[in-house]
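A.B. asks: Between the sequences and the hints, there should be enough to build the whole structure, so can you do that?
One letter stands for each residue in the lines below.
4 protein chains.
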Amino acid sequence: MHRERFFTLAASCPDRTGIIARVTGFIAEHRGWVLESSFHSDEGPEPGSGHGSRYFMRIEVKADALPFMLGEFRERFAPIARELEMDWKITDSAVKKRVVILVSKQEHCLYDLLARWQSKELDIEIPCVISNHDSLKGFVEWHGIPFHHVPVTSDNKARANAEIQRLFEESRGDTMVLARYMQILAPELCAAHPRRILNIHHSFLPSFVGAKPYHQAYQRGVKLIGATCHYVTAELDQGPIVEQDVIRIDHSDSPEDMVRYGKDIEKTVLARGLRYHLEDRVLVHGHKTVVFR
Amino acid sequence: MHRERFFTLAASCPDRTGIIARVTGFIAEHRGWVLESSFHSDEGPEPGSGHGSRYFMRIEVKADALPFMLGEFRERFAPIARELEMDWKITDSAVKKRVVILVSKQEHCLYDLLARWQSKELDIEIPCVISNHDSLKGFVEWHGIPFHHVPVTSDNKARANAEIQRLFEESRGDTMVLARYMQILAPELCAAHPRRILNIHHSFLPSFVGAKPYHQAYQRGVKLIGATCHYVTAELDQGPIVEQDVIRIDHSDSPEDMVRYGKDIEKTVLARGLRYHLEDRVLVHGHKTVVFR
Amino acid sequence: MHRERFFTLAASCPDRTGIIARVTGFIAEHRGWVLESSFHSDEGPEPGSGHGSRYFMRIEVKADALPFMLGEFRERFAPIARELEMDWKITDSAVKKRVVILVSKQEHCLYDLLARWQSKELDIEIPCVISNHDSLKGFVEWHGIPFHHVPVTSDNKARANAEIQRLFEESRGDTMVLARYMQILAPELCAAHPRRILNIHHSFLPSFVGAKPYHQAYQRGVKLIGATCHYVTAELDQGPIVEQDVIRIDHSDSPEDMVRYGKDIEKTVLARGLRYHLEDRVLVHGHKTVVFR
Amino acid sequence: MHRERFFTLAASCPDRTGIIARVTGFIAEHRGWVLESSFHSDEGPEPGSGHGSRYFMRIEVKADALPFMLGEFRERFAPIARELEMDWKITDSAVKKRVVILVSKQEHCLYDLLARWQSKELDIEIPCVISNHDSLKGFVEWHGIPFHHVPVTSDNKARANAEIQRLFEESRGDTMVLARYMQILAPELCAAHPRRILNIHHSFLPSFVGAKPYHQAYQRGVKLIGATCHYVTAELDQGPIVEQDVIRIDHSDSPEDMVRYGKDIEKTVLARGLRYHLEDRVLVHGHKTVVFR
Chain A
1 MHRERFFTLA
11 ASCPDRTGII
21 ARVTGFIAEH
31 RGWVLESSFH
41 SDEGPEPGSG
51 HGSRYFMRIE
61 VKADALPFML
71 GEFRERFAPI
81 ARELEMDWKI
91 TDSAVKKRVV
101 ILVSKQEHCL
111 YDLLARWQSK
121 ELDIEIPCVI
131 SNHDSLKGFV
141 EWHGIPFHHV
151 PVTSDNKARA
161 NAEIQRLFEE
171 SRGDTMVLAR
181 YMQILAPELC
191 AAHPRRILNI
201 HHSFLPSFVG
211 AKPYHQAYQR
221 GVKLIGATCH
231 YVTAELDQGP
241 IVEQDVIRID
251 HSDSPEDMVR
261 YGKDIEKTVL
271 ARGLRYHLED
281 RVLVHGHKTV
291 VFR
Chain B
1 MHRERFFTLA
11 ASCPDRTGII
21 ARVTGFIAEH
31 RGWVLESSFH
41 SDEGPEPGSG
51 HGSRYFMRIE
61 VKADALPFML
71 GEFRERFAPI
81 ARELEMDWKI
91 TDSAVKKRVV
101 ILVSKQEHCL
111 YDLLARWQSK
121 ELDIEIPCVI
131 SNHDSLKGFV
141 EWHGIPFHHV
151 PVTSDNKARA
161 NAEIQRLFEE
171 SRGDTMVLAR
181 YMQILAPELC
191 AAHPRRILNI
201 HHSFLPSFVG
211 AKPYHQAYQR
221 GVKLIGATCH
231 YVTAELDQGP
241 IVEQDVIRID
251 HSDSPEDMVR
261 YGKDIEKTVL
271 ARGLRYHLED
281 RVLVHGHKTV
291 VFR
Chain C
1 MHRERFFTLA
11 ASCPDRTGII
21 ARVTGFIAEH
31 RGWVLESSFH
41 SDEGPEPGSG
51 HGSRYFMRIE
61 VKADALPFML
71 GEFRERFAPI
81 ARELEMDWKI
91 TDSAVKKRVV
101 ILVSKQEHCL
111 YDLLARWQSK
121 ELDIEIPCVI
131 SNHDSLKGFV
141 EWHGIPFHHV
151 PVTSDNKARA
161 NAEIQRLFEE
171 SRGDTMVLAR
181 YMQILAPELC
191 AAHPRRILNI
201 HHSFLPSFVG
211 AKPYHQAYQR
221 GVKLIGATCH
231 YVTAELDQGP
241 IVEQDVIRID
251 HSDSPEDMVR
261 YGKDIEKTVL
271 ARGLRYHLED
281 RVLVHGHKTV
291 VFR
Chain D
1 MHRERFFTLA
11 ASCPDRTGII
21 ARVTGFIAEH
31 RGWVLESSFH
41 SDEGPEPGSG
51 HGSRYFMRIE
61 VKADALPFML
71 GEFRERFAPI
81 ARELEMDWKI
91 TDSAVKKRVV
101 ILVSKQEHCL
111 YDLLARWQSK
121 ELDIEIPCVI
131 SNHDSLKGFV
141 EWHGIPFHHV
151 PVTSDNKARA
161 NAEIQRLFEE
171 SRGDTMVLAR
181 YMQILAPELC
191 AAHPRRILNI
201 HHSFLPSFVG
211 AKPYHQAYQR
221 GVKLIGATCH
231 YVTAELDQGP
241 IVEQDVIRID
251 HSDSPEDMVR
261 YGKDIEKTVL
271 ARGLRYHLED
281 RVLVHGHKTV
291 VFR
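If you read the protein sequences in the order shown, they are chains A, B, C and D.
Counted from 1, the first sequence has number 143 at position 143 by our numbering; the numbering is strictly sequential.
Counted from 1, the second sequence has number 168 at position 168 by our numbering; the numbering is strictly sequential.
Counted from 1, the third sequence has number 218 at position 218 by our numbering; the numbering is strictly sequential.
Counted from 1, the fourth sequence has number 153 at position 153 by our numbering; the numbering is strictly sequential.
Hints were generated in silico from the structure; no laboratory data involved.
Only a predicted model underlies this, so the values are computations on that prediction, with no experimental measurement involved.
Mixed in with the good hints there might be a few duds.
Any copy, or any two copies together, can satisfy a pair, since identical chains are not distinguished.
Here are the simulated DSSO-like pairs of lysine-lysine, each with C-alpha atoms no more than 27 Å apart in a straight line [said to hold, decoys possible]:
{"#": "1", "residue 1": "K120", "residue 2": "K212"}
{"#": "2", "residue 1": "K288", "residue 2": "K62"}
{"#": "3", "residue 1": "K62", "residue 2": "K120"}
{"#": "4", "residue 1": "K105", "residue 2": "K137"}
{"#": "5", "residue 1": "K105", "residue 2": "K120"}
{"#": "6", "residue 1": "K96", "residue 2": "K212"}
{"#": "7", "residue 1": "K96", "residue 2": "K62"}
{"#": "8", "residue 1": "K89", "residue 2": "K212"}
C.D. replies: Here it is in structure tokens:
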């Protein structure tokens, strides 16, 4: 983590010789000072299948070491990106990301995120919080953040999802965080913002998909329970996994105890996954992620 | 862990008032000194279902504090056990458990178990090691332990399983340990020795049952992999879980790296599960375990 | 964790035969239903020294199974306690503990505790929050909790400590929690409330005592950092340890990164330690603790 | 981990612009295929002190992608290294490292290392094992590895150390591993092979330096114990830390239990630290390490 302003280039391209040299050569040519850099050649889900591997990279360059700003960087870098057939983006640490939070009634993830935002550990804008209940309205508004109550019933799902999408887009949100939001997002909403919607699932996926994972874990008698932060896709609980963690339990723990322990894992895993995402550390390869920590 | 000789009572019975008082009252009456004791009321897989809970206990009593030995203890305690409708057993720390180990070609769990046996950390008898390969014969025999090569082919499965059962029973084995034994035991063999056969499975069950769990984990892109020690039942990978653990991996780890990391978890989880089992710390309730650590 | 009302007996006494039988016999005699029970014989810091061991226990009894309430329990149990030379107390789950929280400027532990209090995970009264700064006043008061600003300067330490003690006693506090309170409490205040003041220390004690533990950890190049919840005594950072945990770091983490990671450990360890304390799971033996989880 | 032959360049130099471009440019120029690469700018123990930071890197290049072998690589790269004022080395995955193991009576680390060597997980040569006792002679020799008994008494320390040094050098050892070797190496021996001697210390350093760390941990009442793999220097227990880990204990664990738990941590931490070292993943900066996992 650096205090100075920097640009973050996150990119992937087909693997070949000379990629690092080409990209860092461009930076060096303009006297760019590299703060942090990560590279990874990923074979995808079938290593050795001959499908070819893909190259991933993330580079932080000190902003004031370069003779130009982001606009010109983009323009000058574009030919290299084209040549390497790159998927790429570059962001500026001085521009705060805009994160819209969705919650239901459980408050542990929301308190945790707002505490990190208050202390500037999460240096983001929160244009609004959206909930299908209004119980957390006062708490959110006390922090000076607009709160939108969008009730969801069996009848109004399409309309509610459209309203969420409208609010997200009107807020110019970069990222949507489902902070224990207990409704399933419509496939259209998921498809409209791929790799921008993060969910925290209260199980160590792929175990115990679906409802009441802690009760499933209790019934199977596992000795550890966990939580998973993943990108939301139209397929429920199947999106690319960003972060996971577990905690030890034993025979004396009831499903209620597991729920309580689980909350501590959920909020920590969500906060870690969100930070990786916001710092452009997460790159997606098919249904898997590369996470440059 | 105590150096002095002690008796271990492990028991369960329907829950009611006064169980601890009844059992510890009997011990106190005979001036028995309790070294360690654990109690647990278990609601089973459906808490609050009204099926009633079951009471589990494990008590270590100093042997020389009692005025009688195990035979008389059993005789005197039997009426109380009957009255409480108990499932119970009592063992003597001076009598070493007899553990038969089954292996295939992978040596990491075998080396680990024999190191613990050499140092007396595992204070057991190993009457023999059985394998479907003969590659570890020399290593086992160097330790002065008989080695039986029981090849398994698609044709001789029934005969091989019968031979394993014969060797186990002839060895007067208390426990059979599948230390990365890569064959499936016949249902008859499993049924003949319930709660006496321990397996180490190279995945964090119930995720990734079946073949090549590390490859499955790689394809799903999970961020932690694990291993599970469980009792073997006729249903593959479904027996009661005794112990589990996990280790963190990331996008840079190939399936081969995961196999390597996994071995460290496998051997530690197997050794822990085996120790709990041998010290009569594992009691089974349906398809779950109570583990008094 | 049980939803029904129950009494918790937490006690210790010199070790001898028949303790469990004596205590659980008393409970059984009155048809008491034991929900959870733990026993431990502790040898103290010098095992095998011949100083004799001490016996610790914690028993939860269903309230409505007994024919009397707490007052009569105490009266009837007193002779047994005297006979066994017991240190004991019994509490009622229906009576909420009163917890006074002290903070400075860092908000992560406070947010975390108030989220747990809001959701009733921590089912306590918080009569007030005390701080040497006033930056968290609004947040605390929004929750309907009185906030006292007690500034501490080099000149007024004695007066400030007296004021804290007055506020704690006036609030009829059971427990004082230093939730990253950055002032040292006066020895008199510590001595006045032994085993009632919990602190969260931002290091894996006994490593890195004193100021700036994360910077010390950075300089030594350790690969894990941690946090410690302990009872406050007049000796700084030396009180009995209640709970600890660690998190992995590496060479790329600056001291500032460690501070950020550390916060997640601090709040979780404090919350766990506090819960153990409030549920009377922590018994102290000299400068060590027995924690019946 | 790659099956193909590759060269590993591990280097550090004063930080400046263009380092990655210069080094990877050289590789790309010769059509070198980079398998894995890591870079890190390290500020040393006093970040922000103005002492300047140092740049660390590790690059794996596919051997058969280059038009020349190691000798010519060295020659051609030397001018760049000089220009960048680099400390550097390059190794060939086809040349096995030679590891001399020192042990005393405890066998857990030795069994663990030999199991890894047998399975080729550790693809090394073990020219010999040296011990101050002869109890493990048979076990080592069964593996076809020469065993040298070098007794150490209060009188012969200098001679014994000279003999160890002679055996190490005669064996053309790259690395010396103290696998729970219970003697202190002479400062001359440490100084003769800096960053080549790895020790496993049975405590989570810097806590509990000196003798009997598990007993110290027991007396302090910590809730986690650990182990540390570090380079040996003339200052006892002060060398650069390569790897650490911990395990949870509780009040019921005696010092003997901790010794038993500790062994599992010791052997795993030693094996991990050794692997990082052998794969040239560990670079030293002052008394700290950069570990490119």
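A.B. asks: Against this structure, judge whether each hint is valid.
C.D. replies: Tested hints:
1. K120 to K212: between (34 Å within a copy, 20 Å between copies)
2. K288 to K62: Classified as between; 26 Å across copies, 30 Å inside a copy.
3. K62 to K120: Classified as within: same-chain Cα gap 21 Å, cross-chain 44 Å, threshold 27 Å.
4. K105 to K137: For K105 and K137, the Cα distance is within 27 Å both inside one copy (10 Å) and across copies (25 Å).
5. K105 to K120: Result: close both inside a copy and across copies, 25 Å intra and 13 Å inter.
6. K96 to K212: neither (36 Å within a copy, 30 Å between copies)
7. K96 to K62: within (17 Å within a copy, 41 Å between copies)
8. K89 to K212: neither (38 Å within a copy, 37 Å between copies)
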